[in-house]
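Given only the sequences and the hints, what does the whole structure look like? Please build it.
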Amino acid sequence: MLNSQSDLSASMEVSGDVLDRIKYRISLLDEIHLKTQEGQVTDIEELQSFLRHGLWILGPEYDSIEYTPHYEIINVVRQFCGIENCEIVGSKPAFVILPDSIVGIYYLAKFDEEGCEIGVDRLTVVELVRSGFLIGDEQKSRAWRCMVELMKRALLEHNSKVNYFLLGSDIDPIEYGIRSERNGNVFISALSYSTAIERAKCRVLNLRDKIRNTSVF
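Just so you know, we're using our numbering here: the sequence shown kicks off at 1 and counts up by one.
If you're looking for bench data, these hints aren't it; they were derived computationally from the structure.
Heads up, some of the hints might be wrong.
To be verified - Derived pair list, reagent style DSBU-like, types lysine-lysine, alpha-carbon separation capped at 35 Å: (1) K201 to K110; (2) K35 to K140; (3) K110 to K140; (4) K161 to K35; (5) K161 to K210; (6) K152 to K110; (7) K210 to K23; (8) K161 to K23; (9) K210 to K110; (10) K201 to K23; (11) K140 to K152; (12) K35 to K210; (13) K201 to K35; (14) K35 to K23; (15) K110 to K161; (16) K161 to K140; (17) K161 to K201; (18) K201 to K140.
Unchecked claim - Cβ-Cβ distance ranges computed for the label pairs, FRET-style: (19) G115 to D170: 42 to 52 Å; (20) C202 to E114: 37 to 47 Å; (21) G59 to D17: 18 to 28 Å.
Predicted, not measured: the structure shown is a model, and the values here were computed from it.
Glycine included, each C-beta is placed from N, C-alpha and C at the ideal position.
Here is the structure:
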């Protein structure tokens with residue numbers, strides 16, 4: 001229960017800010033849905049925008065500023081794929097640009113007891129595939145080979161958790177879903193844009209309804 005008028009005002013202000021953010025996210029989801037439905041996911045700039053602003057679409061655990069690009073791993077993946085072209089932000093590589101997709105790589109650090117970073121606790125790789133390209137066994141196998149290369153270079157430990165998302169408009173029905181490797185520490189998921197957007201919108205709308213239905217009195 002709120003104890004003062006100032007508490008009430010503060011609570012209403014916070015709720016308003018959250019609802020504004022939810023409104024923006026619904027608008028973004030609608031925009032992405034329209035483009036993917038019309039098969040317009042062909043422009044690299046559009047895919048980059050998705051990665052910069054839409055990591056949260058993949059799940060509530062990614063709605064955190066703690067997930068940051070891992071520049072060394074980005075360079076290794078680029079070299080592994082034989083790609084010279086790489087989007088640069090400042091002096092750092094931000095994305096790996098492949099002929100049919102763009103790859104963003106984000107991580108949560110692992111720390112020792114003294115608070116020093118000692119490696120990767122969780123790695124999230126998001127590969128967004130252009131419209132007109134089919135996601136199949138070749139893409140999943142390449143994703144796994146990339147992760148093996150990172151392990152060989154000691155950039156991933158045996159217990160590092162990896163989620164590799166392959167998102168696209170066209171997915172081979174046989175390859176739809178999750179491939180598990182390394183005793184469940186590595187998951188490679190093939191997911192359609194429409195499914196990812198539908199799940200995200202459901203979460204956002206549920207949160208909006210909860211806020212609207214919560215009394216501040």
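Hints versus structure:
| no. | hint | verdict |
| --- | --- | --- |
| 1 | K201 to K110 | holds, 31 Å |
| 2 | K35 to K140 | holds, 24 Å |
| 3 | K110 to K140 | holds, 26 Å |
| 4 | K161 to K35 | holds, 32 Å |
| 5 | K161 to K210 | holds, 32 Å |
| 6 | K152 to K110 | holds, 19 Å |
| 7 | K210 to K23 | holds, 14 Å |
| 8 | K161 to K23 | holds, 32 Å |
| 9 | K210 to K110 | holds, 34 Å |
| 10 | K201 to K23 | holds, 11 Å |
| 11 | K140 to K152 | holds, 19 Å |
| 12 | K35 to K210 | holds, 29 Å |
| 13 | K201 to K35 | holds, 16 Å |
| 14 | K35 to K23 | holds, 19 Å |
| 15 | K110 to K161 | holds, 11 Å |
| 16 | K161 to K140 | holds, 17 Å |
| 17 | K161 to K201 | holds, 26 Å |
| 18 | K201 to K140 | holds, 26 Å |
| 19 | G115 to D170: 42 to 52 Å | holds, 45 Å |
| 20 | C202 to E114: 37 to 47 Å | holds, 42 Å |
| 21 | G59 to D17: 18 to 28 Å | holds, 22 Å |
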